[in-house]
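Kindly generate the complete structure, drawing on both the sequences and the hints.
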Amino acid sequence: MSKLDYIKHYPSELIASVDSLLQAGRLAAVVKQKYPTTHTVTNDKQLYDYVNGIKNRYLKKESALAKIIYDGALNPVKGTLGTNTFISKNHGGKLKAKNEIKISTLFRNAPEAFLRMIVVHELAHLREKDHNKAFYQLCCHMEPDYHQYEFDMRLWLICREEGLI
Numbered sequence: 002m003s004k005l006d007y008i009k010h011y012p013s014e015l016i017a018s019v020d021s022l023l024q025a026g027r028l029a030a031v032v033k034q035k036y037p038t039t040h041t042v043t044n045d046k047q048l049y050d051y052v053n054g055i056k057n058r059y060l061k062k063e064s065a066l067a068k069i070i071y072d073g074a075l076n077p078v079k080g081t082l083g084t085n086t087f088i089s090k091n092h093g094g095k096l097k098a099k100n101e102i103k104i105s106t107l108f109r110n111a112p113e114a115f116l117r118m119i120v121v122h123e124l125a126h127l128r129e130k131d132h133n134k135a136f137y138q139l140c141c142h143m144e145p146d147y148h149q150y151e152f153d154m155r156l157w158l159i160c161r162e163e164g165l166i
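Start counting the sequence shown at 2; every next residue gets the next number (the numbering used here).
Everything labelled a hint here was simulated from the structure, so no lab data went into it. By construction, the Cβ of each residue, glycine as well, lies at the ideal position given by its N, Cα and C atoms. One or more of the hints may lead you astray.
[Stated by the list, open to error] Pairs of lysine-lysine residues, derived as DSSO-like cross-links and limited to a Cα-Cα distance of at most 27 Å, are as follows:
id : residue 1 : residue 2
1  : Lys130    : Lys99
2  : Lys61     : Lys95
3  : Lys35     : Lys4
4  : Lys4      : Lys33
5  : Lys68     : Lys99
6  : Lys99     : Lys134
7  : Lys9      : Lys46
8  : Lys35     : Lys9
9  : Lys97     : Lys46
10 : Lys9      : Lys134
11 : Lys46     : Lys99
12 : Lys97     : Lys68
13 : Lys62     : Lys134
14 : Lys35     : Lys68
15 : Lys68     : Lys9
16 : Lys130    : Lys46
17 : Lys95     : Lys62
18 : Lys61     : Lys9
19 : Lys68     : Lys46
20 : Lys134    : Lys61
21 : Lys62     : Lys4
22 : Lys46     : Lys62
23 : Lys61     : Lys46
24 : Lys33     : Lys62
25 : Lys9      : Lys130
26 : Lys95     : Lys130
27 : Lys99     : Lys61
28 : Lys97     : Lys130
29 : Lys62     : Lys130
30 : Lys97     : Lys61
[Unchecked claim] Here are the in silico distance ranges between beta carbons for each label pair:
id : residue 1 : residue 2 : range
31 : Arg58     : Glu101    : 30 to 36 Å
32 : Asn44     : Asn133    : 30 to 36 Å
33 : Phe152    : Glu101    : 38 to 44 Å
34 : Gln47     : Asn133    : 29 to 35 Å
35 : Asp131    : Ala30     : 35 to 41 Å
36 : His132    : Lys99     : 21 to 27 Å
37 : Leu5      : His148    : 16 to 22 Å
38 : Lys35     : Lys97     : 39 to 45 Å
39 : Leu15     : Pro37     : 22 to 28 Å
Have a look at this one:
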């Protein structure tokens with residue numbers, strides 16, 4: 002994986018700017034200055050409460066979440082930072098449906114803005130399954146700075162890959 006693969010779909014001028022910061026050894030300092038602290042949501046119980054707090058504020062009518070956990074198997078290199086799974090099981094002739102959200106354990110020690118961005122993304126999948134215009138509008142409704150946090154999180158991931166953070 003190239004060190005700038007996390008931002009490969011952004012405009013070339015932006016990629017060049019990030020690359021120059023990285024080459025000058027200043028990218029990590031920029032990210033740390035903007036996001037100096039991490040959150041305190043470190044276990045699955047706290048994550049469950051955190052996610053449900055956001056869900057209850059913006060998506061009250063959506064079905065309850067059965068499971069919300071940190072998952073060590075999710076890998077940002079493979080493009081998976083979080084998952085939203087809808088599971089249907091047959092129990093005694095009745096169909097039971099459950100929604101589960103898993104967040105990469107990488108975000109246990111991340112700035113709160115990045116955790117929130119991933120949570121908002123996964124919650125938006127409760128209403129919109131595809132990454133379409135309505136999906137991103139819902140993300141921005143729940144977190145107005147969604148796109149900025151997503152970009153900054155990608156810079157943070159680059160710094161982590163390079164061993165700078």
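Going through the hints against the structure:
Taking the CA atoms of Lys130 and Lys99, the gap is near 15 Å; set against the 27 Å cutoff, the hint holds. At most 27 Å may separate the alpha-carbon atoms for a hinted pair to count; Lys61 and Lys95 meet this at roughly 25 Å. Annotation: proposed proximity of Lys35 to Lys4 holds, straight-line Cα distance about 21 Å (limit 27 Å). Restraint check for Lys4 and Lys33: the C-alpha separation of about 18 Å stays at or below 27 Å, so the hint holds.
Simply put, Lys68 and Lys99 have alpha-carbon atoms about 8 Å apart, close enough for the 27 Å limit, and the pair holds. Proposed proximity of Lys99 and Lys134 is supported: the alpha carbons are some 26 Å apart, at most 27 Å. The suggested pairing of Lys9 with Lys46 is violated, with an alpha-carbon distance near 35 Å, which exceeds 27 Å. Restraint check: the Cα-Cα separation between Lys35 and Lys9 comes to about 22 Å, which is no more than 27 Å; the hinted pair holds.
Of the pairs offered as hints, the one joining Lys97 and Lys46 holds, with about 23 Å between alpha carbons and a cut-off of 27 Å not exceeded. Note on Lys9 and Lys134: the hinted pairing holds, with a Cα-Cα distance of about 21 Å set against a maximum of 27 Å. Restraint check for Lys46 and Lys99: the C-alpha separation of about 18 Å stays at or below 27 Å, so the hint holds. Restraint check for Lys97 and Lys68: satisfied, since their Cα atoms lie roughly 14 Å apart, inside the 27 Å limit.
Using a Cα cut-off of 27 Å, the hinted pair Lys62 and Lys134 holds, with the two alpha carbons roughly 21 Å apart. Taking the CA atoms of Lys35 and Lys68, the gap is about 32 Å. The hint is violated against a cut of 27 Å. For the given pair, Lys68 sits about 33 Å from Lys9 by alpha-carbon distance, which is inconsistent with the 27 Å threshold. Taken as a hint, the Lys130 and Lys46 pair is honoured in the structure, with Cα atoms around 26 Å apart against an allowance of 27 Å.
Our distance criterion of 27 Å between C-alpha atoms is met by Lys95 and Lys62, whose separation comes to about 22 Å. Annotation: proposed proximity of Lys61 to Lys9 is violated, straight-line Cα distance about 36 Å (limit 27 Å). Restraint check: the Cα-Cα separation between Lys68 and Lys46 comes to about 10 Å, which is no more than 27 Å; the hinted pair holds. Under the criterion of a C-alpha separation no larger than 27 Å, the hint pairing Lys134 with Lys61 is consistent with the structure, at around 21 Å.
Proposed proximity of Lys62 and Lys4 is contradicted: the alpha carbons are some 41 Å apart, above 27 Å. Annotation: proposed proximity of Lys46 to Lys62 holds, straight-line Cα distance about 22 Å (limit 27 Å). Taking the CA atoms of Lys61 and Lys46, the gap is near 20 Å; set against the 27 Å cutoff, the hint holds. Note on Lys33 and Lys62: the hinted pairing is violated, with a Cα-Cα distance of about 37 Å set against a maximum of 27 Å.
Taking the CA atoms of Lys9 and Lys130, the gap is near 24 Å; set against the 27 Å cutoff, the hint holds. Only pairs whose Cα atoms come within 27 Å are accepted, and Lys95 paired with Lys130 is accepted, the gap being roughly 24 Å. A hinted pair counts as satisfied when its Cα atoms are at most 27 Å apart, and Lys99 with Lys61 qualifies at roughly 16 Å. Taking the CA atoms of Lys97 and Lys130, the gap is near 19 Å; set against the 27 Å cutoff, the hint holds.
Between Lys62 and Lys130 the CA atoms are separated by roughly 16 Å; this keeps the pair inside 27 Å, and the hint holds. For the given pair, Lys97 sits about 20 Å from Lys61 by alpha-carbon distance, which is consistent with the 27 Å threshold. Checking the proposed 30 to 36 Å range against Arg58 and Glu101 shows it is violated: the Cβ atoms sit about 20 Å from each other. In this structure the supplied range 30 to 36 Å holds for Asn44 paired with Asn133, their Cβ-Cβ distance being about 34 Å.
Distance hint check: the CB atoms of Phe152 and Glu101 are about 27 Å apart, inconsistent with the given range 38 to 44 Å. Between Gln47 and Asn133 the beta carbon distance is about 31 Å. The supplied range of 29 to 35 Å therefore holds. Between Asp131 and Ala30 the Cβ separation comes to about 37 Å, which falls inside the hinted range of 35 to 41 Å. Range check, His132 to Lys99: Cβ separation about 23 Å, and the 21 to 27 Å hint holds.
Distance hint check for Leu5 and His148: the Cβ-Cβ separation is about 18 Å, which falls inside the suggested range of 16 to 22 Å. Here the CB-CB span from Lys35 to Lys97 is close to 44 Å, well matched to the stated 39 to 45 Å. Taken as a hint, the range 22 to 28 Å holds for the pair Leu15 and Pro37, whose Cβ atoms sit roughly 23 Å apart.
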